[in-house]
Structures are given as C-alpha cells and as structure tokens.
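2 protein chains.
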Amino acid sequence: METNYQKLERRLEETSRLGGIMGILHWDQEVIMPSGAAESRARQMGVLAGTIHEKSTDPKLGKLLDALDKENSFNAFEECNIREARREYDMETKVPKDLVMKLAELSSKGHQVWVKARSENKFSDFAPLLKQLVELKKRWAEYVSPELPSYDANIDLYERGGTMAKITPVFETLKSELIPLIRDIQKSDYKPKTSFLSGNFPVEKQEGLGRRISEEIGFAFDRGRMDISVHPFCGGSHPTDVRITTRYRTDNFIESLYAVIHETGHGLYEQGRMKVGRDLPASEALSMGIHESQSLFWERMIAQGPAFCKSYLPLIAETFPENFNAVSSDQLYEAVNVSEPSYIRVEADEVTYPMHVILRYEIEKGLFDGSVEINTLPELWNSKMKEYLGVEPPSDTLGVLQDTHWSGAAFGYFPSYTLGAIYASQFYKTLLQEKPDLGNEIESGNLATIRQWLNQEIHEKGRLLSVANLVKQVTGDDLNPTIFLDYLKKKYRKIYRLN
Amino acid sequence: METNYQKLERRLEETSRLGGIMGILHWDQEVIMPSGAAESRARQMGVLAGTIHEKSTDPKLGKLLDALDKENSFNAFEECNIREARREYDMETKVPKDLVMKLAELSSKGHQVWVKARSENKFSDFAPLLKQLVELKKRWAEYVSPELPSYDANIDLYERGGTMAKITPVFETLKSELIPLIRDIQKSDYKPKTSFLSGNFPVEKQEGLGRRISEEIGFAFDRGRMDISVHPFCGGSHPTDVRITTRYRTDNFIESLYAVIHETGHGLYEQGRMKVGRDLPASEALSMGIHESQSLFWERMIAQGPAFCKSYLPLIAETFPENFNAVSSDQLYEAVNVSEPSYIRVEADEVTYPMHVILRYEIEKGLFDGSVEINTLPELWNSKMKEYLGVEPPSDTLGVLQDTHWSGAAFGYFPSYTLGAIYASQFYKTLLQEKPDLGNEIESGNLATIRQWLNQEIHEKGRLLSVANLVKQVTGDDLNPTIFLDYLKKKYRKIYRLN
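Taken in sequence, the protein lines are chains W and H. The opening position of the first sequence corresponds to residue 108 in the working numbering, with each subsequent residue numbered one higher. The opening position of the second sequence corresponds to residue 108 in the working numbering, with each subsequent residue numbered one higher.
Chain W extracted, bound-state conformation (with noise of 0.2 Å):
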C-alpha cells in the first residue's frame, strides 16, 4: 500500500518532469527551432501548460494535502516536499480561472505589443497595457496572499520571504554610499586601458575558450550543453541536462565569455543539486536571487578578480595573440573592472548595476501603492537615471521600454538581481575567511575548492532552508549590503586610483 505522502511524490515528480519537457521546448525554441514553427510551437507549449496547471490543480492533489496536514513524523526532506506542493497548490487554486487566462493572454500579447513599441519608440503604444496588468497583478496578488501588500506577493514568486520592509532600507544603503562611488570613479582621472579587448576574434576561438574555461570551473558537459542564443540563459530540463547559452561578436570576445562563465554558475547551480529525490521540490534551487548570487559569485568573485586574470591571462594570451602578448594580468584585471555608467541594465558593471534595478524597483513599488501613474513613467525613468548615474537615455528605446519583464507581467522581479550580487559578496567574505589560502589556488589553476565549497553549502540544500536561513547558516550574518558595499568599495577605489 502506497502510503500519502509517496502518493504525493509520485504526482510531484510526474509535475516536475513534465516541467522539464517544457523546459527542453523553451530551449528549443530559443536555440534551435525553426523560425516557421513559431505558432505550432506556442501551441504545443500551451497545451503543455495546461496540461502541468490541470495536474496542479486536481482537487485529488488537495484532499491529498489536506490529509498530510494531519499526518506527521516526517523528516526534513518530506516535510519540505509537503510545504512546496502545499504552496504550489494554494497558488494555483487561489486565483479565478478566467483571472488566469486574462493574465497569460495579456503577457502573451503583452510581449509582441512591448517588442513593437520598443523598437518604435512608442512608449504610449504599451502604456495602456502595462497599466492593465498591473491592475491584474494587483488582482491576482489579493487571491494569492490577501494578507501581504499587493507588490509584496509579486516579489515573493521570486525571492520567497523579500518584501519591501526588507528590501527597501537595503537599496536605501545601497544608494546612499554607492551614487557618490559612481560619480568619484567618474570623476577619477584614472582610466584602464581597454584597447587590447577590441579586435577581430573568431567565433571557433571564442567557443573553445568559453567552453574549457567553463568546464574547468567545473560543468560537467556530458550532463550539459553550451549553445548559441539571442539573450544567454541557463536552462534544460534536469540536473543531468542543463544547457547554457552564450553570444558572440566577434569585434569583443570579453562579453561572451563572461556571459559563459555567469550561466555556468548558474549551471552548477542545477548540475550539483542533491543526489537524491531530484525530480521533487526540495531538491530544486531556492530562489532567484540566490541562483543569481550563484552566477555571479563566478562571473564577479572570481573571473574578474585579480587571481583568475593572472591565471587565465597566458590561455587568453595563446587564443588571442595579436591582442595579449604584451598584456599583463594587472592591465587584465583592469579591464575587464571598468565600471562607467550606461543606459542599459544588461550591460552595467557591478557598480552601476545596482542602481538599474534600485530604479525599477522604486517604479514598480509605486505603481503596486498607487503612487506612480503609468503616463509618467518615461519622465520619471529619465530624472532618476540623471540622478543615480548622471546619464540621461536619449530614448524611450534606451530607457524604460528597454526590458522585456513588465511585458510578461514579471513584477517584483528585478530586486533578485541584486540581492543576489549582495549573497554573493557575503558569500565571497565567508570563503576567504574559511578558505585565507583561495587566491593561491586560483591562480595555481584549482577551481575545486570554490565549486565544493558552494556545492556543499549552497546547491545540495535545495530548498530545505528558507533564504534568510541559509544565508544566516552559510554566514552567520543575514541579508548584509555593507559588505557589498565594502567588497565594491575597496576593489573600485583601488583600481581607479581613489585614495
């Protein structure tokens, strides 16, 4: 006889692997389909969707819950089971049917309406449509989670526990040290040379670094795959089927191996999950903001930091003759650290990059409070770029129709970034704490630590820690931007001459 709770895992992993199906299907669709089978693609994903949300909504599911609720006894592992299918299933069965289909129909047009306008530079042409789904949102937030402000429940889909109470005075730190760091580094007469990252560099050269620089930090390829893509992105369908993409000009190289380095954290993030159980909830990663802090403790931490230059300089060196020959490590280090600020999120460095999503964030928490009108947006983005990085976007393009995520009604996303570039640098301080010896070892070429080290204390837990406790496990502090602000700090007046 099945007992309830193995009943319960058989429907998890049955949701879990056609949720890997759909993942195999997005990545297809990003990397390799063809361009006609666009409509018959959209077709097969929703009908997939429906398939998953049909599943997660069987009221069998509910009564199963109900009678685990009365149950106990159970370890760890289970309980974290039980907790996800029940927050899983409360999410799906709050919000009205018709609620829900408005939302995937708007997203869905949503999309198309934000591509067009974008490229027009037509902010009113998405205007009302943004102004609708964020009335859905507010909507659907008071089904999900009356008991929290409307902006709240949308954070929480992302970063499970962050609410503005938590959020807000973090971003208040953040921009009150890090508005005058960006106008001193503007300030500074300083500059890194970068003339030797501008070149010609073939493509075949660029993917035979990224991909042995990738797998020496430690992906596993025959349980991966590195691709080609419009936007880079870590996706897959598995632990043992994770697939990164990258992008590639071949007039910079630097932007695409980083992006390789960012995804393959995120990569390890999937690949080393635990061992046991990994087609159920608590095995799968925990959060967005800790899954960025993932992806950029590789990218930031250590490929830029000045123990990864020095060892990586002589392969980039024999990739790229023409270029490196007469390059040293600490002209490397340099370079690849410029911080200056710029119109758009996905190009900012780790100093500005803050103040992008401190922005959105801001916008987003006053449409969800009302004190933001939608008509006002592309002024109000306008006089806070001018304030936080002294730039001003010359168009909307450039400006606030620049991302895709308010078009698929993705509110309350954009804090994840940075908390994430905040877990990392706590993160970071721990390791050289644990680890005094780390810089030696990058440079000597052993990457093991480090993968081992966040395997252990970060991928194998999946989600049997709440975020605020995992991070206060693995650094006995809690969500801390101090020592951000004291890793950026020291690393940025250092390299721009500030003292």
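Just so you know, these hints were derived from the structure itself, not from any lab. Where hints are given, some of them may not hold.
Any copy will do: because identical chains look the same in the list, a pair fits if it lies in one copy or spans two.
Stated by the list, open to error - With a straight-line cut-off of 25 Å between C-alpha atoms, the simulated SDA-like cross-links for lysine to any residue are:
no., residue 1, residue 2
1, 282, 445
2, 568, 143
3, 298, 212
4, 223, 299
5, 114, 208
6, 209, 120
7, 216, 329
8, 568, 263
9, 114, 146
10, 300, 290
11, 598, 558
12, 536, 183
13, 568, 150
14, 300, 550
15, 209, 108
16, 229, 485
17, 114, 212
18, 596, 301
A quick note: this is a predicted structure, and the numbers were derived from the prediction, not measured.
Starting from the known structure of chain W, arrange chain H on it as the hints suggest.
The following block gives chain H in isolation, referenced to the frame of chain W:
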C-alpha cells in the same frame, strides 16, 4: 455553444500537440541530448506518454464519439477525423491496461537485451524475450481486432488495410522474378566502375552538398532542420517543424547524400501536408508504406536516375574535383546503382532490398501462425538468405539480430518498406505518363514539377482516402508488383548488360 464535432477537434488537437512535443523529445534525444540525461529523458517521455494515453482513453471522449455516431451531415474532412478518432480510441481502450504496460515494459527492456545480444552475437539471449513479445502481440491483436488473424492486426498498425491475403501473392510475384534477376546480375561480367566514389570527403563539404540538394528538391529550411544522428531519420513536431538527419563518413559521401535525399522525401510529405487542420488526424500522413513511397521516390526514382545524375554531376564535381573531374554522368549513374547481395537490409540496393523484407515477412508470419519456432530462427534466416540472395551471414549479429524492430515488438512493420517501393514505382510510372518531358526537366535542374505533383496527388490528401483508394485514384491501378518488377528489370538489365 460548441458542437460535439468542435469538442472532438479540440481534444484531437490537444493530443496531436502533445504528440508533437514527443517528437521533439525524441529528436533531441537522438541528436543533441547530453549522454548523462538518458535516464531523466526516459522518465519524461514516460510521463508524457502516460498523459497522452490518459487523454486518448478519457471516457468523455468515448461518449463524445458515441454521440457523434448518431449525428450526420459531416463533410469528408470531418468524417475522416471522426473515423480516425474512433479507431484510435477503440485501439487504446480495447486492450487491458496490464497488457499495455507489460508490452511497454518488455519493449523497453527488449531494446537493451537486443543491443547486448547483437553485440555479443548471442541469439539465445534474445530468444526468450522475443518469444514473450510475440505472445503478447498475439494477445494484443485478439483484443484490438478479434476478427483478423493476429499478424494482420499487427500489419494494420503500420499499413492500414494491409493483410496477408493481399501481401503474400504480391511478395510471391516479387520473389519469383527477383531471385533470377539477382542471380543474373551476380553472373554478369560487367561491373560498374565505382573507384571514384572512394576518397576523402570532408564533412563540411558533404553537408553543404546535401543541404543544397535537399533545398533544391524542395525541403524548406525555415520549416525544418538537417542535423546528424547515428541512424538517419525524419522527425520533428509539426509540418512547420520537420527535422531530417543524416550521418557522415569521410571515406564515402554517397551514403550520406542519398540518406539526405531519402529523408528529404519523408520531409516533403510532412511539410506538404494540407494547409488546414494540421493538428488533426485527417491531415496526417496516410501510412508507413505511403510515407516510404515518398522517400524512395526521391531517392531511387529521381536521384538514382540518369537525368538527376546528369544534372548534379557538375555540382558534385565542383565539390569533390579530385574524384569527379574525369567521370561521366553515365558512370556516376551506374556507380550509384550497383546491385549486390549483402547481409544487412539497411545497406541493400533496390533490387535486393525486397528479398530482405520478404524473408522477415515470412518469418513473422510463421511466428504468428505458430509454424515457426523461435529457436529455429538463426538457421531459418541463414537458409533463406542463401536461397534468396545467395549469401550466408557469418554471424547472427549480421543476420537475425541485425534489426531493432522485433526488440520493440514492431512486428508487421517490415512489409511497408517494400509496399512503399512498389507504390513509388507505380506513382513514377503515372507521373512519367502525365509528364513525358520529365527527364529533360530534371536534367535542366527543375524539380518543382515532381514536388508539386506529389504534393497535390498525395501529401495534401492526408488520410481522406484509404491507401488502396489513393493508389487507385492516382495511378488508376491497384497495388501492382509487375510495375515495380518492370522498372527494376529494365533498369538493371541495361546497367548490367544482360541482353
């Protein structure tokens, strides 16, 4: 209000789209999946298959079909969808679930056992499983079509309406004429020169050539792809997403090129399906035999014909000048039409291929009517090879264990290869009568006439007609082995200087 018929369409579209997803999972597995994902992929496919099965056997679907039985005034397209849905539903629901599961389990296990037995040349390791599979498929047949002999029910799965009563006399006719033709060819003093087909052919050049020829035949790369897999196949998810594969050997480009052309023929059938109702069964390919007729039409009737060889020799010579600078188109034509008995079906030429099929057909027939014992198969196989082709396999690996079909319980599949070859020859004869100038058109590089004719006459008709009625409508004739024999005799007696 939705009519019953509209409700049916919605259900059929849903299963068709889920089937398309299965197509992508299968393609991905064969072409691109990381090796470590085999287990997780198998589980994903299992869950999807289960979901499709649930939907196909939903009692509500049964009631809907019962209600539709009482309605009328449907057009041919609607009637076809109802007929196909009924057939599918009955097939899925008539068989007890434990038999379905037992078959799925044993077929999956069968594949592994067969792979091992083949590599170790141990038929006795495969025999017990094969015996079980035949028994299960006999029981399966009694449930599905109790009115038919059990082997007929199996054939019907791949070639609807194909029965031993129809096939046996056709195959007897082929045997009676092919065995002497094969002997005559063997005895001929004339052997076409083939040395120029050996050499060093870089994969990139082969790929470029294959892609160009596939495109000129009419394969639309915006609605399809061409990739590499261990065994060439045509898959994908929809008429707008058709994926063909080939494989490359650097010492032989002909094998790969003709695999591309063969799969292009399959691909054109899929891409050329009727423009409406593409997610409904009425639009689907009619049968395995008709599908094979399309691939063989392009591979053999057209691309192995003299006009095509003349038309494409310059391109081939431009691609591989070292080998082809001094070759005439007659020489190319003869070289790609060498006929010689061999052990392996998939490597056989068009004259000897039917004998491989007939041998398997006779064995399967015997297994199902009880006149053949499993443990006599190796001996029986070898004696038939000797009788039909004059060669005796040195091992079971090269004999009775060579094909994967039996390990997956796909009894009754083999005949469709040769039925396809016969249909292809009949279609070709009709086309030649309608377009007497075809040879000149091909020589001048115009393949559109052929493509359009096949599209109109066959692809766009979907499943509206039965196989027998389609063949009758297109050719004015029934399945007629004499036309195939005339084609072979005329072609090969000339090549081998037999009169």
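ask   = Quick one: residue 223 to residue 299, C-alpha cut-off 25 Å, is that within a copy, between copies, both, or neither?
value = Neither way: residue 223 and residue 299 sit 38 Å apart in one copy and 62 Å across, limit 25 Å.
key: Within, between, both or neither: residue 300, residue 550 at alpha-carbon 25 Å   = within (22 Å within a copy, 62 Å between copies)
query = For residue 568 vs residue 150, is the C-alpha pair at or below 25 Å within one copy, between two copies, both, or neither?
reply = between (36 Å within a copy, 24 Å between copies)
request  = State whether the alpha carbon distance between residue 298 and residue 212 is at most 25 Å within one copy, between copies, both, or neither.
outcome  = neither (49 Å within a copy, 67 Å between copies)
inquiry  = For residue 114 and residue 212, with the copy left unspecified, which applies at a CA distance of at most 25 Å: within, between, both, or neither?
reply    = between (33 Å within a copy, 21 Å between copies)
task = Can you give me the call for residue 209 and residue 120, within, between, both or neither, at a CA distance of at most 25 Å?
result = Classified as between; 22 Å across copies, 28 Å inside a copy.
inquiry  = With identical chains, the pair residue 282 and residue 445 could be close in the same copy or across copies; at 25 Å between alpha carbons, which is it: within, between, both, or neither?
reply    = So residue 282 and residue 445 pass the 25 Å test inside one copy only (20 Å; across, 78 Å).
task = Could you figure out if residue 568 and residue 143 sit no more than 25 Å apart (CA to CA) within one copy, between two copies, both or neither?
result = between (42 Å within a copy, 22 Å between copies)
key: Intra/inter-copy verdict for residue 114 and residue 208 if alpha-carbon distance must be at most 25 Å   = between (29 Å within a copy, 19 Å between copies)
ask   = What label fits residue 536 with residue 183 when the C-alpha limit is 25 Å: within, between, both, or neither?
value = Close neither inside one copy (29 Å) nor across copies (72 Å); limit 25 Å.
Within, between, both or neither, where residue 568 and residue 263 count as close if Cα-Cα is 25 Å or less = within (20 Å within a copy, 53 Å between copies)
ask   = Between the shortest in-copy and the shortest cross-copy C-alpha distance, which are at most 25 Å for residue 209 and residue 108: within, between, both, or neither?
value = between (42 Å within a copy, 21 Å between copies)
Checked against the numbered hints listed earlier, the structure breaks hints 3, 4, 12; every other hint is satisfied.
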